[in-house]
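Hey, can you work out the whole structure from these sequences and the hints?
In this note's numbering, the protein residues as written are 844 to 1261.
Just so you know, not all the hints are guaranteed correct.
Stated by the list, open to error - Straight-line Cα separation of at most 30 angstroms, DSS-like style, residue types lysine-lysine; simulated pairs:
| no. | residue 1 | residue 2 |
| --- | --- | --- |
| 1 | LYS1218 | LYS1228 |
| 2 | LYS1101 | LYS1218 |
| 3 | LYS1218 | LYS1163 |
| 4 | LYS1101 | LYS1228 |
| 5 | LYS1101 | LYS1163 |
| 6 | LYS1163 | LYS1228 |
Stated by the list, open to error - Quick list of the computed label-pair ranges, beta carbon to beta carbon:
| no. | residue 1 | residue 2 | range |
| --- | --- | --- | --- |
| 7 | PRO1094 | SER990 | 23 to 29 angstroms |
| 8 | PRO1035 | LEU1075 | 20 to 26 angstroms |
| 9 | LYS1101 | PHE1193 | 37 to 43 angstroms |
| 10 | GLN909 | SER851 | 25 to 31 angstroms |
| 11 | LEU1090 | LEU1015 | 29 to 35 angstroms |
| 12 | ILE1219 | VAL1120 | 28 to 34 angstroms |
| 13 | LEU1192 | SER851 | 45 to 51 angstroms |
No lab work stands behind these hints, which were simulated from the structure alone.
Being a predicted model, the structure only gives us computed values, none of them experimental.
Where a beta carbon is used, it is the ideal one built from N, C-alpha and C, also for glycine.
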Amino acid sequence: MILILSFSSLLLSVILLQLSSGILGPLDVLSGYEIGFSTTQIGMLGSAHFIGFFAGCWIGPGLVGQIGHSRAFAVFAASGTVGILLHMVIINPYAWCFMRILAGLCVAGCFTVMEGWIQAKTQNHNRGRSLRAYRTADMVGGIAAQSLIALLPHGNYIAYNIIAIICCSSLLPLALTRIPAPKTLPNLKFYPFLAYRTSVMATAGVITAGITSAGFRMAGPIFGAQIELSDLQLGLFLGSFLVGGALAQYPIGWLADKFDRRRLLIVLSFFAIGACVFILTLSNLNATFLMLGTVIFGFFTYPIYSVSAAHANDFIDPDKVVELNASLLFCFGIGAIFSPYFISILIELFGTLSMFAFIALIHFVLVIFGIIREKIGQTPDRKTKYIFTPRTSWKIGGLLRKTRNQDRNNLDANQSHE
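Given below as structure tokens:
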């Protein structure tokens, strides 16, 4: 409890940032349809968000090193607030893409600052609890954001003003914290193909996770709007995915530590296909089946990134964990940038259900690829402990490295004692 209170300002900033960013995507979809944007134009907005997110991951650490954590956070939060407020000033899909780039830049940059702060201020005895508290705040903010869609009027400047206020408010807890800002660290050395050289299977897994997660988060509102879900139902539909992901973390983590992680990725994708088929065949009956199918879908797809990252970390030297996780996030970003726009094209050409058909096809490819890699790929000498890995910024790799080093030292100590 003392630990949570000491980091309460940072965790509150995480929740507020997730609230503002999580509601912007669904609101843009509903507002875009009301204004008259096409489905593909709305899909571009989701892809633009991840372009900004990738840019924020790239420039965030350097900016923090130049001007410090507090001022860097203010810069990124201000860019996100400006992007949100401009929506009702310039009504144009391509202008909105630029605004969504600013919003994505804000999310990645702010999380870079907060994760660097948490990484610098945690010690061996509380690092695991710090990471759990951070993950909980991240998940709570994401789930709560989806419920706001039922309360905000779409196509209206009031809604965007409220989101901008929430985004700007994320500055207040961080500005008022008594925790001193950490010293700036050397900038990250980025090796984009390190993940591929380390584990081809893990690389395929995180790309699949990017296509699935970004596709659902950014094109899911298009799906919900076209099947005429109410605002409340749309919020429940989007939130169900995150609820399923939250429920999966502990059981999937236990399985990832007990069994071959390549085989687990195959099983997860196999059941993800089943969840897509369930939604495609039964979602038209009533909203209850749709929500249930989405929880199952989230349960089997959301952990794929973390399982893939854990599998890749089994093959890497602990000193390279930060660079590896940066490369994994780069691969995730490739899938995330491509997915929303491509899915919006499919929906416009073949209808609403093509979104889940496409996602099922992607997971079928991962199943086949996983079976091949299981036969020809190397098996790690020993496994690192599974850790749920947020897809927030490259700085998370520093906290993960310290956590994994601590777990490895504890394991070596226990083996020596035995």
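To see whether the hints hold, each was checked on the structure:
1. LYS1218 - LYS1228: Given that 30 angstroms is the threshold and the Cα spacing comes to 24 angstroms, the pair holds.
2. LYS1101 - LYS1218: holds, 19 angstroms
3. LYS1218 - LYS1163: holds, 27 angstroms
4. LYS1101 - LYS1228: holds, 10 angstroms
5. LYS1101 - LYS1163: The hint holds at about 24 angstroms.
6. LYS1163 - LYS1228: With Cα atoms ~16 angstroms apart, LYS1163 and LYS1228 stay inside 30 angstroms; holds.
7. PRO1094 - SER990: 23 to 29 angstroms: This hint holds: roughly 25 angstroms between Cβ atoms.
8. PRO1035 - LEU1075: 20 to 26 angstroms: With Cβ atoms ~42 angstroms apart, the hint is violated.
9. LYS1101 - PHE1193: 37 to 43 angstroms: This hint holds: roughly 40 angstroms between Cβ atoms.
10. GLN909 - SER851: 25 to 31 angstroms: holds, 28 angstroms
11. LEU1090 - LEU1015: 29 to 35 angstroms: The hint (29 to 35 angstroms, Cβ to Cβ) holds, given that LEU1090 and LEU1015 are roughly 32 angstroms apart.
12. ILE1219 - VAL1120: 28 to 34 angstroms: For VAL1120 against ILE1219, whose Cβ atoms are near 29 angstroms apart, the range 28 to 34 angstroms holds.
13. LEU1192 - SER851: 45 to 51 angstroms: holds, 49 angstroms
In this structure, only the earlier hint numbered 8 is contradicted, and the remaining ones agree with it.
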